[in-house]
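Input sequences plus hints: build the corresponding full structure.
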Amino acid sequence: LVVLFAQHWPFEAAELTSREAIEQAIDQTADELTTVIKRLHRRLEWAKSTRAELHRKKDTGPLEREEEQLLRRCDEYISAILRCDQSTYSLTVLGVEGFLPGYGVYEGGVTASAQRGFARRPGPRAFELNRNNVVALREFVPGNRLYANRGTFYVARYHLGAEETARIRTLRVNVDKGYVTEQAADASYGQSGGLAIDALPLTDLDLALESRISEDEHLRFSMPVCVLGRLRKRNRGGRAFRIGEFEVSYLRGQSLELVNLGEAGRVKQGELGHWICSVCGAAKTAYAVPAEIAQFLRIHKERCGRDVARLALTVQAEVDLLQFHTVRNEADGINIGEALRTAATRLLDMGPADLQLLIVQKPDDKQDLLIYDPMPGGSGLLEQMLVRWRELIDTAKDLLAGCVQECETACYACLKTFRNQFYHGMLNRHDGLALMDKLNVVPEDYRDIVPITEDEKLGRGTPSNPPEAELVTLLRDHHFPEGHCRKRITTSLGISTTPDWLYESSKVAVYVDGMSRGLHGDPNTAKKDHIIRQAI
Numbered sequence: 002l003v004v005l006f007a008q009h010w011p012f013e014a015a016e017l018t019s020r021e022a023i024e025q026a027i028d029q030t031a032d033e034l035t036t037v038i039k040r041l042h043r044r045l046e047w048a049k050s051t052r053a054e055l056h057r058k059k060d061t062g063p064l065e066r067e068e069e070q071l072l073r074r075c076d077e078y079i080s081a082i083l084r085c086d087q088s089t090y091s092l093t094v095l096g097v098e099g100f101l102p103g104y105g106v107y108e109g110g111v112t113a114s115a116q117r118g119f120a121r122r123p124g125p126r127a128f129e130l131n132r133n134n135v136v137a138l139r140e141f142v143p144g145n146r147l148y149a150n151r152g153t154f155y156v157a158r159y160h161l162g163a164e165e166t167a168r169i170r171t172l173r174v175n176v177d178k179g180y181v182t183e184q185a186a187d188a189s190y191g192q193s194g195g196l197a198i199d200a201l202p203l204t205d206l207d208l209a210l211e212s213r214i215s216e217d218e219h220l221r222f223s224m225p226v227c228v229l230g231r232l233r234k235r236n237r238g239g240r241a242f243r244i245g246e247f248e249v250s251y252l253r254g255q256s257l258e259l260v261n262l263g264e265a266g267r268v269k270q271g272e273l274g275h276w277i278c279s280v281c282g283a284a285k286t287a288y289a290v291p292a293e294i295a296q297f298l299r300i301h302k303e304r305c306g307r308d309v310a311r312l313a314l315t316v317q318a319e320v321d322l323l324q325f326h327t328v329r330n331e332a333d334g335i336n337i338g339e340a341l342r343t344a345a346t347r348l349l350d351m352g353p354a355d356l357q358l359l360i361v362q363k364p365d366d367k368q369d370l371l372i373y374d375p376m377p378g379g380s381g382l383l384e385q386m387l388v389r390w391r392e393l394i395d396t397a398k399d400l401l402a403g404c405v406q407e408c409e410t411a412c413y414a415c416l417k418t419f420r421n422q423f424y425h426g427m428l429n430r431h432d433g434l435a436l437m438d439k440l441n442v443v444p445e446d447y448r449d450i451v452p453i454t455e456d457e458k459l460g461r462g463t464p465s466n467p468p469e470a471e472l473v474t475l476l477r478d479h480h481f482p483e484g485h486c487r488k489r490i491t492t493s494l495g496i497s498t499t500p501d502w503l504y505e506s507s508k509v510a511v512y513v514d515g516m517s518r519g520l521h522g523d524p525n526t527a528k529k530d531h532i533i534r535q536a537i
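The sequence shown begins at 2 in my numbering and counts up one residue at a time.
FRET-style restraints, in silico, Cβ to Cβ:
#, residue 1, residue 2, range
1, G426, S19, 42 to 50 Å
2, E129, K302, 28 to 36 Å
3, K39, L92, 17 to 25 Å
4, D308, T61, 21 to 29 Å
5, A15, K302, 56 to 64 Å
6, R20, K234, 20 to 28 Å
7, D399, K302, 52 to 60 Å
8, D365, I490, 25 to 33 Å
9, E129, E471, 47 to 55 Å
Keep in mind that the hints were calculated from the coordinates and are not lab data. Model, not experiment: these values are computed from the prediction. All C-beta atoms in this analysis are idealised placements derived from N, C-alpha and C, irrespective of residue type, glycine included.
Structure below.
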């Protein structure tokens, strides 16, 4: 296999066909196939259990219109998977679920099922919409409008079984600072003052028909949402760049958790989460009038026996991204990201939603800008941006300096869009232009970033003072492999030493002690340091 890939695989993606990568793919095949089979089984069990529950209710009294539609949906789903046709062929199913490669396939994605739509032939027609996790988190949410089969649809119900309900967990978020953590980790990470909210992993769902698309409807509605996120300790490696005064990491397959907190305007007002029943999965749009929401809450309290609460929606995904480390503030990060993304839509063959932005808050209150590619496996847009960096910056500068509206800060002709309205108050084309000047240099590719995994053992030992703690944080934030903090070693000359950070496999020791006369500034200590350095 190594020889075969070496002969036919593109050179620019050679790291994906190394012996280590091939061995990893083979080792993970069984686990990934099991994940797909469990997902298919979970969908079938949901349809069977929901159908059985509705039949029991039908025996005691009439069903409501919504319940009749749900029962019909379950019957159609079970009948569909029993048919022997192309859609249920094993290789087709594995391709659609992302286990096998295929064009337009969304690995581990989310499926939205519609009961009927306006097809070109007479009569209603059932269909499905598939999105990858990252895109689904913005589109398949209560209140958003979806356009398909000549009709508009909205989210009616999430498929909640016992497994999904058990996966609801409490997160702590701070919208002003832009961070999200596990509730138990809030204080330990030095991020306090957040609000607790229950979070539901995004599942498959049902859509309900709203109306036929009219000829007078020229613009599509897309609900603006507030999405926070955090990086996981897992990626496939990458490259580190210096671009002017900015430290930038290009990471492949970086694990990312995203949290949708709800409609952007209401989140600003402190109304976090979506109205979702944690028992049956029914959802209600945030745009509904208070009386309609009150009726929704009352009906589900009576029917499901539990109060409906606002839930956040979460997904985990592996994405390619550019990470701008330690931007000065959130406004700088947003202006850099929007300027680069808007310029890329003009310079490259991409749409405005092909790259997404995220500001990540770190425990030390510093912020990183992420520009990430939601396409599974990556679309190559980030690599093109790096290769054509100077062209990209020139395009951004022309865009910002030559706004046709000559706006004072920002407008829809330069930086503003409907989807980024949560940040409209921060957008400023003049600030963006100054930042583009700072980025107007050739990126300096100066080191590899090694792959890391979450099951990799964390470095042992604890820092003994603030400088050592800062070193540990700095190395982890910049994706260095885990080492040992303050581990005592004996050199080949028999001299013992305790580095502040040790990479044992590569024989690298890092010291951050001061250079005062009482420490390493002392001539005798300096001589000993020199001997130790040679021995190491």
